[in-house]
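Its first residue numbered 374, the sequence shown is counted upward by one per residue in this note's numbering.
Taking lysine to aspartate or glutamate and the DMTMM-like style, the derived pairs with C-alpha atoms no more than 20 Å apart in a straight line are: (1) K409 to E424; (2) K409 to E419; (3) K409 to E496; (4) K409 to E420.
I should point out that these hints are in silico values taken from the structure, not numbers from a laboratory.
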Amino acid sequence: MDDPAVAAWLDDFFAAYYQRRPVNATFIGVHEHDAKLPDLSERAVEETLGEMEGLLRRVRALPSQPLGSAQSIDRALAEGFLEIQRWEYGSTHFHRGNPSFYTGEAIFGVLSHFLTRSAPLAERVAAATARMQAVPG
Numbered sequence: 374m375d376d377p378a379v380a381a382w383l384d385d386f387f388a389a390y391y392q393r394r395p396v397n398a399t400f401i402g403v404h405e406h407d408a409k410l411p412d413l414s415e416r417a418v419e420e421t422l423g424e425m426e427g428l429l430r431r432v433r434a435l436p437s438q439p440l441g442s443a444q445s446i447d448r449a450l451a452e453g454f455l456e457i458q459r460w461e462y463g464s465t466h467f468h469r470g471n472p473s474f475y476t477g478e479a480i481f482g483v484l485s486h487f488l489t490r491s492a493p494l495a496e497r498v499a500a501a502t503a504r505m506q507a508v509p510g
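Please work from the sequences and hints to get the whole structure.
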């Protein structure tokens with residue numbers, strides 16, 4: 374049986390995921406962040422870490438009860454993702470020490486708009502242009 378509290382937590386998890394990882398959101402088909410690149414400023418990284426910690430605290434505070442198979446898998450995957458991301462954000466193997474992370478986000482951030490027809494071409498070009506302009510010099 375699905376738990377409404379887990380469903381609400383998953384909604385919050387995905388909202389945070391899409392906001393903090395806008396290029397991934399575009400590939401997934403969520404387009405409200407199409408003109409943005411990830412914010413990896415120190416302040417934003419600290420906010421993201423805090424957000425992940427809060428999500429982990431919340432999911433671990435939920436009562437342990439049998440869930441439907443899909444919700445059980447979603448909960449486990451999301452919790453595991455947060456654990457991995459928490460480690461990556463604190464390491465030098467992710468954005469702090471891997472230059473290919475930045476080039477990948479820049480390139481795929483633009484390319485993502487032309488792999489589907491999710492919106493009229495002019496809108497996709499505008500979003501891709503906004504992402505190109507957001508790439509530091």
